[in-house]
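**Student:** Single-letter residue listing:
2 protein chains.
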Amino acid sequence: MNPSFNVAVVGATGSVGETLVQILEELAFPVATLHLLASMESAGSSVMFAGRKVRVREVDSFDFGQVRLAFFAAGAAVSRSFADKARQAGCAVIDLSGALPDALALVPEANAQALHGLAQPAWVCSPSAAAVALAVTLAPLRQHLEIERIHVTACLAVSAQGREAVNELARQTAELLNARPLEPRFFDRQMAFNLLARVGEEDAQGHSVLERRLVSELRVLLGLPDVKIAVTCIQVPVFFGDSYSVSVQTRRPVDLAVVQGALDSAPSIERVEADDYPTPVGDAVGQDVVYVGRVRLGIDEPEQLNLWMTTDNVRKGAALNAVQVAQLLIKDMV
Amino acid sequence: MNPSFNVAVVGATGSVGETLVQILEELAFPVATLHLLASMESAGSSVMFAGRKVRVREVDSFDFGQVRLAFFAAGAAVSRSFADKARQAGCAVIDLSGALPDALALVPEANAQALHGLAQPAWVCSPSAAAVALAVTLAPLRQHLEIERIHVTACLAVSAQGREAVNELARQTAELLNARPLEPRFFDRQMAFNLLARVGEEDAQGHSVLERRLVSELRVLLGLPDVKIAVTCIQVPVFFGDSYSVSVQTRRPVDLAVVQGALDSAPSIERVEADDYPTPVGDAVGQDVVYVGRVRLGIDEPEQLNLWMTTDNVRKGAALNAVQVAQLLIKDMV
Numbered sequence: 001m002n003p004s005f006n007v008a009v010v011g012a013t014g015s016v017g018e019t020l021v022q023i024l025e026e027l028a029f030p031v032a033t034l035h036l037l038a039s040m041e042s043a044g045s046s047v048m049f050a051g052r053k054v055r056v057r058e059v060d061s062f063d064f065g066q067v068r069l070a071f072f073a074a075g076a077a078v079s080r081s082f083a084d085k086a087r088q089a090g091c092a093v094i095d096l097s098g099a100l101p102d103a104l105a106l107v108p109e110a111n112a113q114a115l116h117g118l119a120q121p122a123w124v125c126s127p128s129a130a131a132v133a134l135a136v137t138l139a140p141l142r143q144h145l146e147i148e149r150i151h152v153t154a155c156l157a158v159s160a161q162g163r164e165a166v167n168e169l170a171r172q173t174a175e176l177l178n179a180r181p182l183e184p185r186f187f188d189r190q191m192a193f194n195l196l197a198r199v200g201e202e203d204a205q206g207h208s209v210l211e212r213r214l215v216s217e218l219r220v221l222l223g224l225p226d227v228k229i230a231v232t233c234i235q236v237p238v239f240f241g242d243s244y245s246v247s248v249q250t251r252r253p254v255d256l257a258v259v260q261g262a263l264d265s266a267p268s269i270e271r272v273e274a275d276d277y278p279t280p281v282g283d284a285v286g287q288d289v290v291y292v293g294r295v296r297l298g299i300d301e302p303e304q305l306n307l308w309m310t311t312d313n314v315r316k317g318a319a320l321n322a323v324q325v326a327q328l329l330i331k332d333m334v
Numbered sequence: 001m002n003p004s005f006n007v008a009v010v011g012a013t014g015s016v017g018e019t020l021v022q023i024l025e026e027l028a029f030p031v032a033t034l035h036l037l038a039s040m041e042s043a044g045s046s047v048m049f050a051g052r053k054v055r056v057r058e059v060d061s062f063d064f065g066q067v068r069l070a071f072f073a074a075g076a077a078v079s080r081s082f083a084d085k086a087r088q089a090g091c092a093v094i095d096l097s098g099a100l101p102d103a104l105a106l107v108p109e110a111n112a113q114a115l116h117g118l119a120q121p122a123w124v125c126s127p128s129a130a131a132v133a134l135a136v137t138l139a140p141l142r143q144h145l146e147i148e149r150i151h152v153t154a155c156l157a158v159s160a161q162g163r164e165a166v167n168e169l170a171r172q173t174a175e176l177l178n179a180r181p182l183e184p185r186f187f188d189r190q191m192a193f194n195l196l197a198r199v200g201e202e203d204a205q206g207h208s209v210l211e212r213r214l215v216s217e218l219r220v221l222l223g224l225p226d227v228k229i230a231v232t233c234i235q236v237p238v239f240f241g242d243s244y245s246v247s248v249q250t251r252r253p254v255d256l257a258v259v260q261g262a263l264d265s266a267p268s269i270e271r272v273e274a275d276d277y278p279t280p281v282g283d284a285v286g287q288d289v290v291y292v293g294r295v296r297l298g299i300d301e302p303e304q305l306n307l308w309m310t311t312d313n314v315r316k317g318a319a320l321n322a323v324q325v326a327q328l329l330i331k332d333m334v
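So the protein lines, in turn, are chains A and B. First residue of the first sequence: 1, per UniProt numbering; consecutive thereafter. First residue of the second sequence: 1, per UniProt numbering; consecutive thereafter.
If we strip away everything but chain A, and leave its shape as in the complex, we get (with noise of 0.2 angstroms):
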């Protein structure tokens, strides 16, 4: 038998916490004692697991020394305030928040070989959603593509803002179909029937921190530490699935027929082709592979591919990637 090992979830209430812990259920993760943790604020309400009701403590009180791995889907400022603290304990962290510049960006699905020789305790990140997704898709072809560069628009569902988020979209829309005056409050400005081309603050050069992240990691992820990648996000009125609008320049023609079968032999995508395509409601809803479509070459550039991709930006973008993640850690652990 395998063993179990006590098991912590930082940000336990959130979104993406909720999920984690229904797939850590889901995928019969080896728990011995789960711990569920949050903020002051969120503390003292219950999450169920494997039956059970989990009563959700505060992290400031918890002892790390406890558990042998711990998962930060809280935010950047509790995993500045309370990761160091829980490796220090001897607990691996996997982070969610991408506040922990040093953690190392996993994908199982491109880089699972990064973690041997890892330090312990590990200190490993679960990189941004759109970083998950490229990675996914992108590994598969690494071997057949020679890649130079790669274009993204990704357009990010509000549910990666968490549950105001959703829920302002949400009165945002029916306070416009019933003609009543906007007040914008989560987001600055109208989101309902709108497209909003910055995500988070802006940097001197005009890159959002999210657009910088997402290419960092995704060279880490890719093994392509040069790779050019041009980002742009934005926030589009979708509650949940994030979608993706890829161009991939290459260094010599692609072939297809060989992406092709590469997209369908990945057990962690399914490529929705012949006249139909995926979109963030109809596929990647609760689902736990990235969708492909719209494959095809450059119109007169061979040396292109052009691909559409949507997933689950909670549960495979964040929630499912950690979990796989810790799979791979607890093969080291005893």
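Be aware that one or more of the hints could be misleading.
Which copy is meant is left open, so a pair is good if it fits within one copy or across any two.
Claimed, not checked - In silico SDA-like pairs for lysine to any residue, Cα to Cα no more than 25 angstroms straight-line:
| # | residue 1 | residue 2 |
| --- | --- | --- |
| 1 | Lys228 | Pro253 |
| 2 | Lys228 | Ser39 |
| 3 | Lys331 | Arg57 |
| 4 | Lys331 | Val209 |
| 5 | Lys331 | Ser42 |
| 6 | Lys331 | Asp275 |
| 7 | Lys228 | Ile147 |
| 8 | Lys331 | Asn178 |
| 9 | Lys85 | Glu148 |
| 10 | Lys228 | Glu303 |
| 11 | Lys228 | Phe62 |
Derived by calculation from the structure, the hints in this document are not laboratory data.
Given chain A, work out where chain B should sit, using these hints.
**Tutor:** Just chain B now, kept in the frame of chain A:
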């Protein structure tokens, strides 16, 4: 005093046709008599022009010999059936349907010079809204950038497909918010809170007619017949205003200050930057210019210019451009 011309607008009851009639009035286009035409189903109604009601008549029985200039804004089938009849009657044709492949694509800000030596009567087209927006924005940059390749993800508003599409997005949204079962009618699936990654039919290579059209029109408009253009057109749950995520590869490093200066001096462009960015709802609707924001170099790649554009697809992308083309045409008419 300038001469006046008898003018016909075919498709006067559609959203583009109606806007076109408004713009003829706003810009004081020298109209002697305005003939409003439509297919049998739409004929019989009236449209206001210059303070009086103009009756919409059937295009089938119209004698184009009565007019010097005809706008065709009633879709591909009507242009195919009647545009040649108009030309044979000596009437200049400005097509907005894209159905006349030998019609010269014109955007005054980009290729006004192409009118010199044009055979009479003129046989021209106002290109797709995407080609108009991109030509207006990139034309003033041509002399400063050696453009090698253009990547575009075009996020198209439903209004490009007419009033029925606008009503369908509103209806679907209301049904979903009221938790009623969704029955798609105009679109073949859920459009509300969703992204549709294909607009129109795909060819055997996987490109849509609209994507092919954008590439061929933009090459003509920019005078760059060999430029590589990668384009993905998606339908977004936005009523009015198209948006474009654009990345331009250049042969030499881009001087950002020069680009910003060129955008700022172009009369049909408004740059929205400095802690802000343009959105279809906030900026595009009802406006005559293309809004440009997020102007920035590539990450680790100075030979790349990225930007975000948004514009009123019905007005600047179609009706206004067609009238601006007409203003150029009548300079050569006596």
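**Student:** Between copies, within a copy, both or neither: which fits Lys228 and Pro253 at Cα up to 25 angstroms?
**Tutor:** both (18 angstroms within a copy, 15 angstroms between copies)
**Student:** Evaluate Lys228 and Ser39 at a C-alpha cut-off of 25 angstroms and name the case that applies: within, between, both or neither.
**Tutor:** neither (39 angstroms within a copy, 52 angstroms between copies)
**Student:** How would you label the pair Lys228, Ile147 (within, between, both, or neither) given a Cα cut-off of 25 angstroms?
**Tutor:** both (9 angstroms within a copy, 17 angstroms between copies)
**Student:** Since the copies are identical, ignore which copy is meant and state whether Lys85 and Glu148 lie within 25 angstroms (CA to CA) inside a copy, between copies, both or neither.
**Tutor:** Classified as neither; 41 angstroms inside a copy, 51 angstroms across copies.
**Student:** Classify it for me, Lys331 with Val209: is the Cα-Cα distance of at most 25 angstroms met within a copy, between copies, both or neither?
**Tutor:** neither (33 angstroms within a copy, 51 angstroms between copies)
**Student:** For the identical chains here, do Lys228 and Phe62 meet the 25 angstroms Cα criterion within one copy, between copies, both, or neither?
**Tutor:** Classified as neither; 42 angstroms inside a copy, 57 angstroms across copies.
**Student:** What label fits Lys331 with Arg57 when the C-alpha limit is 25 angstroms: within, between, both, or neither?
**Tutor:** neither (28 angstroms within a copy, 77 angstroms between copies)
**Student:** As a check of your reading, is Lys228 near Glu303 (CA-CA no more than 25 angstroms) within one copy, between copies, both or neither?
**Tutor:** For Lys228 and Glu303, the Cα distance is within 25 angstroms both inside one copy (15 angstroms) and across copies (11 angstroms).
**Student:** State whether the alpha carbon distance between Lys331 and Asp275 is at most 25 angstroms within one copy, between copies, both, or neither.
**Tutor:** Close neither inside one copy (42 angstroms) nor across copies (47 angstroms); limit 25 angstroms.
**Student:** At most 25 angstroms between CA atoms: does that hold for Lys331 and Ser42 within a copy, between copies, both, or neither?
**Tutor:** For Lys331 and Ser42, neither the intra-copy (32 angstroms) nor the inter-copy (70 angstroms) Cα distance is at most 25 angstroms.
**Student:** Regarding Lys331 and Asn178, is the shortest C-alpha distance of 25 angstroms or less found within a copy, between copies, in both, or in neither?
**Tutor:** Answer is neither: 55 angstroms inside a copy and 48 angstroms across each miss the 25 angstroms cutoff.
Going down the numbered hints, you'll see the structure goes against 2, 3, 4, 5, 6, 8, 9 and 11, while the others check out.
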